[in-house]
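**Student:** Protein chains in written order, with our numbering: chain A, 1 to 91; chain B, 92 to 452.
Source of the hints: derived by calculation from the structure; they are not laboratory data. Quick reminder that beta carbons are idealized off the backbone N, C-alpha and C, glycines included. All the pointers check out, no bait thrown in.
Pairwise CB distance ranges, derived in the manner of DEER restraints:
1) B:E326 to A:Q71: 16 to 26 Å
2) A:E39 to B:P400: 44 to 54 Å
3) B:E99 to A:D24: 19 to 29 Å
4) A:D24 to B:L246: 26 to 36 Å
5) B:T114 to A:Q41: 46 to 56 Å
6) B:G272 to A:E59: 36 to 46 Å
7) B:E397 to A:Q71: 53 to 63 Å
8) A:D24 to B:E416: 42 to 52 Å
9) A:Q71 to B:P396: 50 to 60 Å
10) A:R30 to B:P171: 25 to 35 Å
11) B:T269 to A:D24: 38 to 48 Å
12) A:D24 to B:Q215: 19 to 29 Å
Chain B side only, calculated, beta carbon under 8 Å to chain A, not exhaustive:
13) G125
14) Y178
15) Y205
16) P207
17) L208
18) T231
19) T232
20) P234
21) Q242
22) L246
23) V287
24) I339
25) N345
26) P347
27) A348
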Amino acid sequence: MCLGIPGKIVDIYEVNGLQMGKVDFGGVTREACLAYVPEAQVGDYTLIHVGFALSIISEHEARETLDLIRQIADIDTELNLSQASSTQFQT
Amino acid sequence: MQTDYRDERLVQGVIEEIHKLTTQPWVLMEICGGQTHAIMRYGLDQLLPSKIELVHGPGCPVCVTSLELIDKALAIASSPGVVFTSYGDMLRVPGSGRDLFSIRANGGDVRVVYSPLDAVKIAQQYPDRQVVFFAIGFETTAPANVMSILQAKRLGLKNYSVLVSHVRVPPAIRAILTSPGNRVQGFLAAGHVCAVMGYWEYPAISELFHVPIVVTGFEPVDILQGILMTIKQLEHGEARTENGYPRIVTFDGNQPAQAIINQVFTECDRKWRGIGLLAGSGWCLRPEYAEFDAELRFSVNQIQPEESPICIAGQILQGLKKPKECPAFGTLCTPETPLGATMVSSEGACAAYYRYSLRSQ
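Only chain A is shown next, with the shape it has when bound in the complex:
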């Protein structure tokens, strides 16, 4: 119930006065309520809980966290960074 699934917003529209949207979870598309992320735009990645988007995933923060961990691990040379950073949130 608390896991939440990241997906990409592909459409935004209104139903009965509520902001709704279509969210693509790596090929499977479902409807979600976007009322709590009024700033959301098509193309944003969001985290969906029980049919509601609760946050827009910060790609900048995601990269920073990974970079920090890579520094700890000192494995920058092992990883193909350009490839890794172009991979989107697919799962």
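Given the structure of chain A, go ahead and fit chain B onto it with the hints provided.
**Tutor:** Frame of chain A, contents of chain B only:
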């Protein structure tokens, strides 16, 4: 990029750093049952230094929903003409002697919904029937659950009500820290609870109890990063609240969601299954929304709940015992024949041990 948080080399790097840092025994608690399952699924506990012990917290909404409320749900779901809707995890949780699934098997109209807005849609479809939604959960499901009430109000629905069993994390952390048997020295806070609420409530707890709290995500690298940040604080004698999950969580959290929760819910005392009554640990409907309260709409107050005498779920939820210390674990109590909710839920610690621990034996 999400897959990067499962990258084996990144996991290895963080694990090595944790090994380097750890000089003495530490007991950490992951609050959320989703984190417990990820830890067991990826065997992360096996990779940590033996000095670090992870104990599993109460963050399993299905597990802590009180027996009284489950029995009320069973009574309401058995009432003629009712469509009882619930998140799927709840159906097999044992009440006193039966569960929602058995009510459905006996002809009751019990339906699993993915989102509470689906329950509102059912209420629109069946104006002649009472549709009840079992509004359980921590802060993570609250925005969805309250929106269903507002939506029913907006649509003028008179046949929609909710059975509310909402609980909150910060009072649970305080209860664990003040428990005489407490061993927990640092917390991995539940990342998605904080996505909603932010983590502004936690620094006061860190300070008061001198305990590190690190907001932690759910992928293997996230969890190890949370453990690393907590261990670093413990080894340096620090006790702060930190954010280990900044791609999702901000200090203030989701403010539109918090505003709507506060519009519909108010703080109340809440009984937690296996733990007992915790003051101010729940949310319930404000009086303005009493017309949507299923407890008032259906008179189901005279219930004598009966808990399994063997089940130790309460101690497991408080981090006092591990699932394998239960004499019924894997024998009398299995996911097919659960004695307690911790064996049923996809966020329950017993279910996680049952599902993943064979690998480590």
